[in-house]
Amino acid sequence: MNSGVQASLRNGREETQTLLDGLHDGYSVHLDAFDGPMDLLLHLIRKNELDICNIPIAVITRQYLDYIKLMKNLNLEVAGDFLVMAATLLQIKSRMLLPLDEPEEGEEEEADPRAELIRRLMEYQQYKEAGLLIGARALLGREVFVRTCAEPFLTAARNEEGPLEVSLFELVDAFRVLLDRIPAEHFHDVAAAETFSIADCINEVLSLLQERDSVQFDDLVRDDFTRERVIVTFLALLELCRLKLIRIFQNSHEGSIWFVPAVIQDIEDPPLP
Amino acid sequence: MSLPAIIECLIFAADTAVSLDRLSEMLPEFDRDDIRTALSGLVGSHEARDGGFQLVEVAGGWQFRTRPDFQQYVVRHVKTKASRFSQSSLETLAIVAYRQPLTRAEVEHLRGVDCGGVLKSLLEKRLIRILGKKDIPGRPLIYGTTKEFLEVFGLKDLKSLPTLKEIQALDDVPQYERQEELPLGQGEGTAEEDTPSLFE
Amino acid sequence: MSLPAIIECLIFAADTAVSLDRLSEMLPEFDRDDIRTALSGLVGSHEARDGGFQLVEVAGGWQFRTRPDFQQYVVRHVKTKASRFSQSSLETLAIVAYRQPLTRAEVEHLRGVDCGGVLKSLLEKRLIRILGKKDIPGRPLIYGTTKEFLEVFGLKDLKSLPTLKEIQALDDVPQYERQEELPLGQGEGTAEEDTPSLFE
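Protein chains in written order, with our numbering: chain A, 21 to 293; chain B, 11 to 210; chain C, 11 to 210.
Derived by calculation from the structure, the hints in this document are not laboratory data.
Nothing here was measured: the structure is a model prediction, and the numbers come from that model.
C-beta: ideal position from N, C-alpha, C; glycine also.
Misleading hints may appear alongside valid ones.
Okay, the calculated beta carbon distance ranges per label pair [stated by the list, open to error]: (1) 60/B x 110/C: 39 to 49 Å; (2) 79/C x 251/A: 56 to 66 Å; (3) 97/B x 94/A: 41 to 51 Å; (4) 94/A x 55/C: 54 to 64 Å; (5) 41/B x 94/A: 49 to 59 Å; (6) 39/C x 161/B: 23 to 33 Å; (7) 25/C x 168/B: 45 to 55 Å; (8) 265/A x 149/C: 48 to 58 Å.
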């Protein structure tokens, strides 16, 4: 045993042991398991069997920093959040070393520099445990299942009058997806756009339809398409329709637009070589 | 757990009718004849219950179905059923919400497809409305969102609409991420001497 | 046709949990109290059946669901949804569930880590939603849980969330064990000798 181990044994109990435990578990896994600085602090408090309401700040600070150091030594990225907490701990520690001032007016309650941290830890602890309880419930789609076979009569009847079910996030996200799909610069570089003729596009659509039985409009208009290319694709589809090579479907009002090869459709029984 | 209950559970959770073959395949620890017996027991007990659904044999197997004579009630679901938005309605609605007031041509310019049908259905759902006509040649109609739109999304006013930036901000790393070397930079050298010894 | 059978049929046909409100809306010819009574009768009779599925109260309504102990059989043919939730998702969900409405900054203060990514993925899974903006400078977005959250975790309503544990239960180590070692006064002094070296 060397001085480092002795120093820490003298001071408390088995912090070294607990750190070692963590290491033997396979440290990278173990370290990654900490879900932020609060989680790490709670772990240290538990491992040392400390009273959360009366944390020995020096012990905890040292062990906390040891862990961070360990992460660094293992070349794990130490998130800024961990460092912020380190600074907080050091600050609390240094304030605890100062002789206790006469209680100042208005903040007698906060005389203990640890108070705020302890409050946060206690609250965090509550939510962490609640999270575990919630997570341990039988989950729909994992442990518990509902009837998946839809009522045939109901699926057929789509209703336009009923209440609407959509979230704000979906609305913003739809907008984001749309803007991502047609980047602003594409509006301006029409001149630079590749020369892609309607004939080329017709061939492309037809070869796509040889691979699959149907193609969705959204599949044809790829994300990286320029506006010009979108228009060419559209014109090609119109041309294909005019030539009666494809047929256009829309399953529901406002639903996706599908294209199927006209020939296959006529034969009724799809399996073609 | 009794065999009938297991079978009942399997048939209930399945998305198609379940055949006897499939059942014996899924329950290799049970005898095929026992499965068959349990099945007919189940059919009988659900019939005896005389409830709103029953276990029936349809093409290819067994399935729980609502009783046909209850159809008049089942269809009542339709009236109060929440309808989900299609992607195109949602996109169009988003454009109108964020870019209002705007014309149909402007919506179509952004979406790259014809939006007449979608706009019409949004108008019918009273989520958007015609604000007037734009003072340009052709005097096209201009659209904006309605009070009902705010209600559907639980918004106080249009200002409460989350912006794209706010959603994108969820991907941002917090600012303090940059303070890389906060307490450890200096400690590094000295720490080396005693910390590793802790783990020997 | 008895009222319980009609209700059973309606709940069975629905694709999500059916609330008492919706039932009364769909069955205007019946008294709301009768519907309520019939409902609890149904729950009881399905429980007594002890079959493979049961009628449970969830997300403000009623729904037929398989019994959890049959999971091992169902997974033989129904694809289960991916993995359980990560610890950080669960923590964040718990905080949003108990403290809603709240802002991202409030979640992050409690967890001590950046939560943008977690919040976004919970939004995408429709487990939380944006409720609007808070009336404070900067107008940050505020979050709350969704009906899907209740459905996925099989909760009747927010009130049936597990009660937050009091802190004393942190660990079950008897008090006396720690008392002797770590009175702050002395501990501080000793610790001082090796800790500071880390940061010099």
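Go through the numbered hints given earlier and state which of them the structure violates, listing their numbers in rising order.
-> 7
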